[in-house]
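Asker: As a plain string of letters, each chain reads:
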Amino acid sequence: MWCARLALNRMEVAKMRHIGLCGLILAALLIGGCGKIELQDTGIPLSVGADLKDDQIDLAICLANPLPTEKSTDNEPQFMVLNSSGSTFSEAIRNISLSFSDYPLWSHLQLSIVGENLARSDMSLVLDFITRNRYVRKDLLIVVTHKVTPAEILSVKPILAPHPPTAIKKMLKIQEAETGIYTPMNYTEILHRFLTAGIEPIIPMITIDRSGAEDRFLLDGMAVFKGRKMVGILNENESRGFRLMRPEQIRGGLFIMPSPLNRKNLVTLELSRSQAKITPVFKDNQMIMKIQLKAEGNFYEQSGTDNLFTEPMFKRLEAAAEQELTQQILDSIHKAQELNSDIFGWGEMVYRSDPRIWKTLEPKWDQIFPAVQSDISVDFSLRRSYLTDKSFVFR
Amino acid sequence: MRIIKHKNQAKLRPPEELIKQPISASFQENLDRLSRLLSSCSDVVIKEFSFGQPGIRAGIFFFDGLVDKYQVEYSLLKPLMLELNMQNNPPPVNSIQDMLNYVETRILNMSELKKLDSLQDVCHHMTSGDTVLLIDGYTEGLVAGTRSWEARAVQTPENEITVFGPKEGFTETLRFNTALLRRKLKSTQFKMESLTIGRVTKTDVIVCYIDNIAPAGLVEEVKKRLENIDIDAILDTGYIAELITDYKWTIFTQTEHTEKPDRVCGQLLEGKVCIIADGSPMALIVPISFPEYMISPEDYYVHFIAASLFRMLRFVAFLMALLLPSLYVAIITYHHEMIPTPLLLTIASTRQGIPFPAFLEALLLEFTFELLREAGLRLPRAVGPAVSIVGALIIGDSAVRAGLVSTPMVVVVAFTGIASFVNPSYNAGIIIRIARFGFLFASALLGFMGIIIALILMMLRMASLSSFGLPYLSPLAPLNLSQMGDILVRRPWFNNHNRPYIGGMQNVVRQAGPEQDGGR
Amino acid sequence: MTRLTYYQFLCLLILLIVPVAVLEVPHRLLHSAYHNAWLTVVTAIIPGYLLVLMYNYIIQKSHQSFPHMLDEHFGKIIGKSLAFIYIIAFFLSSAFTLRLLVDFMKLNVLPSTPISIFIICMLFTGFVAIKIGFNVIVRACEIIMPLGLVLTFLIVIIALFTNYQPERLLPLANVSLSGLMSGMSNTCVIFAKTMPVLLLAFWLPRKEDALVGLNMALLLFIAALTFVLLVLVITIGTIPSLSFVFPTFNMIRLARIGVFVQNLDIVFITVFIAGFFAAITIPWFMACFTIKELFNLRDYRLLAAPTSLIIGVLSIVISNNSLQVVAWSLYVIPILYGIAYIIIPLLIFLAAWIKTPKKPNAANPIQINSSE
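Chains as they are written, first to last, in numbering that gives the first Met the number 0: chain A, 0 to 394; chain B, 0 to 519; chain C, 0 to 371.
Worth flagging that the hints you see were computed from the coordinates, not collected in a lab.
Bear in mind that the values here come from a model prediction, so they are computed numbers and not experimental data.
Every residue gets a Cβ at the ideal spot worked out from N, C-alpha and C, and that includes glycine.
Residues on chain A that point at chain B, a partial pick, calculated with CB under 10 Å:
hint, residue
1, Lys35
2, Glu37
3, Leu38
4, Gln39
5, Thr41
6, Ala63
7, Asn64
8, Pro65
9, Gln77
10, Trp105
11, Ser106
12, Tyr134
13, Arg136
14, Pro161
Here are some, though not all, of the chain A residues that point toward chain B, as calculated from beta-carbon distances under 7 Å:
hint, residue
15, Leu66
16, Leu104
17, His107
All chains, full assembly: derive it from the sequences and hints.
Answerer: Below is the structure:
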């Protein structure tokens with residue numbers, strides 16, 4: 000009896016050895032303590048701005064300053080900006096530790112700001128780093144500065160928002176839904192545009208509005224790239240046109256046009272939904288892009304008192320809106336062709352519809368693109384006029 | 000020290016040769032032997048008397064406090080000493096050939112009477128609360144069932160509290176407990192086999208099962224293992240639980256304890272075997288698989304949709320109680336990118352100036368929580384609230400204010416604590432409490448990778464266990480879809496036609512199926 | 000005697016092929032067929048089904064399970080030497096899978112942890128699993144498989160809806176013949192990792208279930224791979240995914256629900272480690288089992304400790320840098336798997352096929368009667 004139990008115990012002792020071994024390994028690893036970063040030893044960079052200055056990469060990094068909730072006051076800024084420079088991007092980044100004591104947590108980067116100088120010389124300086132870095136999220140937004148350096152942008156104290164990068168991020172998103180001018184670009188999209196033949200990158204631009212007492216951010220234009228270099232800027236109207244030609248459905252945005260009754264009065268329409276369908280047609284050795292836009296909108300405001308709310312007037316409003324949208328699209332196409340940068344991805348579209356033709360066109364796409372004809376047809380339908388269905392008649 | 004102990008033991012155990020003796024025909028000899036055996040037992044009562052004409056020497060023996068004295072006096076002594084003499088035609092004593100038989104069948108008005116013939120039995124019955132009657136000239140004695148003592152009445156169980164369902168709980172008295180079960184299972188197929196385990200305690204242990212439902216092999220196996228136990232004492236079924244399970248070096252207990260007769264009946268009806276022991280209010284249920292720990296008996300009393308939701312909530316709570324602190328530590332030391340930026344900033348701001356690494360902080364707080372919990376259990380009822388106040392104030396507020404620990408960590412530990420109380424089984428609770436620390440270590444080492452490796456190891460260990468042949472992860476692995484229906488959710492009664500299958504089970508139909516229904 | 004239920008059998012087959020397929024293979028396939036890689040995977044159903052039929056034929060025609068079936072069909076000497084080749088193949092397969100996981104972890108998850116620690120961790124888990132026994136591995140797989148599959152599917156779905164550009168899949172069916180062939184062969188080679196079925200099928204209660212199980216595994220494998228490839232092209236785009244070492248992972252990192260639940264990659268990784276644990280342990284077990292059968296040892300469990308050392312050392316020695324890992328996965332592994340998992344089974348198949356017609360003549364008359 001007892002013998003049997005002893006034998007059993009011996010078997011169990013063998014199992015104990017497993018547990019012992021397990022404990023040993025755990026202990027050994029605990030001493031190693033590898034790769035862990037305590038939160039109190041970290042700085043949280045929200046944005047990195049890069050520019051080129053005398054062949055050196057000049058970095059500005061916006062760090063969040065987490066303040067203890069009880070002690071926070073309005074005076075203390077919730078962010079700070081660090082500057083460093085180096086001959087490569089990585090060196091510049093690492094050089095931060097010369098002036099900063101904590102580990103930067105790159106995984107919370109929300110926005111990357113590229114200086115106009117750098118954009119005009121070579122974007123690959125930034126992209127390579129971001130692509131390779133495992134921490135950086137690939138959905139971070141990118142903007143290009145206009146006339147100012149990233150460091151200046153990051154030093155602006157935003158209104159209400161605690162940190163400049165969050166403010167810019169929100170601005171990009173909300174302005175698209177509200178006014179519908181600039182298209183925010185995230186890194187995945189940009190990378191696709193940089194790497195794929197037949198589509199060129201385009202990035203919204205930001206500058207500083209110094210007219211007021213305090214500096215403010217101002218979104219201003221979109222930077223058009225050709226290859227790795229920035230070649231030009233789309234203005235507000237052209238940016239609208241670019242946005243209209245996006246392949247996905249877009250929502251939100253206002254546009255203004257003269258009233259069909261009185262050209263001096265202006266009418267504001269809201270674009271509630273729009274979908275562009277672009278099909279390349281290759282005929283007689285000539286490439287024609289057929290652009291069909293199906294849009295819906297609402298009546299938003301008018302500056303006159305004309306009665307626009309009748310069935311025939313709605314038709315005329317729709318026709319005017321169609322004309323306005325066509326104009327915006329034409330503007331952006333002209334600008335892109337002038338800069339010779341295929342920001343609309345027409346080359347890719349040709350490839351998608353007929354890869355064999357694209358094979359012959361691809362080597363000389365640079366010569367073909369500026370001459371590509373476009374055939375635009377816009378179908379705009381006015382849906383509703385919000386709370387009032389009459390014009391105000393002041394008596 | 001050792002010698003004294005030995006002496007005590009010698010005193011405690013009567014000399015082997017004496018107790019092995021049969022009852023002698025001479026009453027005097029029996030009296031001497033018993034007096035020697037029972038020397039220094041102050042609670043023993045020996046009453047000598049003589050009865051009949053001419054007087055025959057006899058004596059009754061019992062332990063004070065274990066018997067119903069009224070019954071001894073009125074049903075044992077009175078008939079012998081008074082009524083035998085006062086009968087109209089008292090037969091002369093010497094005319095009766097077999098006085099013992101006569102007394103047993105004609106004189107004593109007691110329902111529980113039995114003959115015995117060895118001193119060992121005499122002692123055994125006396126210590127159990129029976130009264131022994133020895134008559135001069137007979138090598139057999141009579142034992143009368145007079146057990147009665149002060150016992151706790153049937154009360155609501157304190158540890159397993161339910162809202163719906165029966166509220167009665169087991170007590171320390173075996174007979175009460177068997178009666179509670181018998182009242183629910185009014186069937187002759189409900190068997191209760193009795194065994195005596197423990198050299199000193201001689202504890203009555205009862206194996207309960209329902210004859211044609213429980214697999215015969217399982218019942219045999221349980222009985223065999225119980226018979227193999229050779230120990231001096233069984234003070235609680237916890238002793239048995241540890242002695243009869245297959246895998247002993249593991250935190251994963253393979254039995255379930257319960258105080259609720261309704262739960263025992265429910266399990267018996269699923270083919271399980273239940274072990275109850277005298278002196279223990281906890282019944283033991285075997286076999287049990289880990290997922291079954293998540294089942295509360297209450298699930299079967301409330302509406303099935305609600306019960307299913309509660310059960311899912313319990314599974315979530317189980318995972319939370321097991322993993323929450325380790326997930327938190329892993330996230331804030333290794334995987335910062337998982338936290339949304341605003342939340343990260345909030346956490347970072349609370350962690351400014353905290354002297355401990357997150358892991359140590361979690362360990363410290365978890366340890367404190369366990370301390371408070373244990374203290375709350377042990378402290379006298381009057382001091383209980385004081386402990387909770389100290390716990391709440393010192394840990395919750397002062398430590399945070401002093402900058403010793405961060406607020407999110409306190410929140411995490413509190414959540415874990417709450418989640419660990421959701422589990423209906425105390426055994427599973429203990430498993431979770433121990434394993435949680437293992438996961439905490441693993442997460443401090445390798446973050447999520449450590450956690451998943453620890454999880455795999457735990458899963459491997461659990462998969463290698465079995466409780467009386469039932470695989471420990473049973474309906475999950477090996478997968479049994481029809482039983483999963485009553486583990487993750489509670490299967491509605493109208494749809495519950497079969498019992499969950501344990502290996503070797505014969506009778507699986509629990510409810511007339513729809514096809515029989517349609518036939519009628 | 001080991002016994003498997005049909006479900007356990009299926010779980011083992013799926014875990015052998017799917018985790019590696021989802022993580023590593025898309026990169027390879029995109030290289031050969033670009034955005035039409037999913038088409039090559041779908042067409043790989045045909046050779047895949049041929050493989051299934053071949054395995055099934057071998058299973059039905061053999062009287063003994065895997066290492067002995069080599070003896071049965073080729074004779075003692077060739078059989079034993081082939082078994083020896085298999086031991087090496089299983090070790091390499093296990094070690095390479097381990098190295099892949101370790102590289103992945105090092106690159107993407109915990110860059111500052113030395114790879115030896117990952118290797119020790121994974122080997123320790125595998126060692127414990129093999130030490131406890133195959134039954135336990137099977138039970139663990141049974142839990143890992145459904146959980147892993149569902150979680151991965153959910154996360155990929157979430158990733159799909161965060162960046163949804165289906166027009167990237169155009170032009171349809173524009174793939175060169177060489178690309179198609181290379182994609183198909185790659186898929187088949189990975190699917191051929193189900194070779195342990197030659198052993199596992201003999202543990203099923205009915206050998207006939209093996210065909211159904213294999214077909215299910217093939218379908219699930221093709222479906223999972225196709226789905227991942229489609230989502231990859233739709234969300235990241237072909238060319239960017241080619242620039243990442245583990246594109247699936249980069250796609251997963253994009254997944255987010257609202258603004259709060261984000262960077263689900265850790266959950267994905269967690270699930271994947273569990274999947275890889277199975278993918279490492281099963282070939283490892285196969286190696287141990289084959290050794291045991293080959294040398295008539297008492298118990299394969301005794302081999303857990305020495306073999307863990309072999310696999311650990313192999314996985315470190317296999318390559319110096321990540322480029323070599325890629326080179327391994329592009330050249331060495333397909334050849335190795337091709338020989339061990341496709342060509343040798345093909346030989347067994349041929350041997351069994353040639354032998355079969357002779358059988359009625361040699362066999363006793365009762366068998367002939369019963370067959371007629």
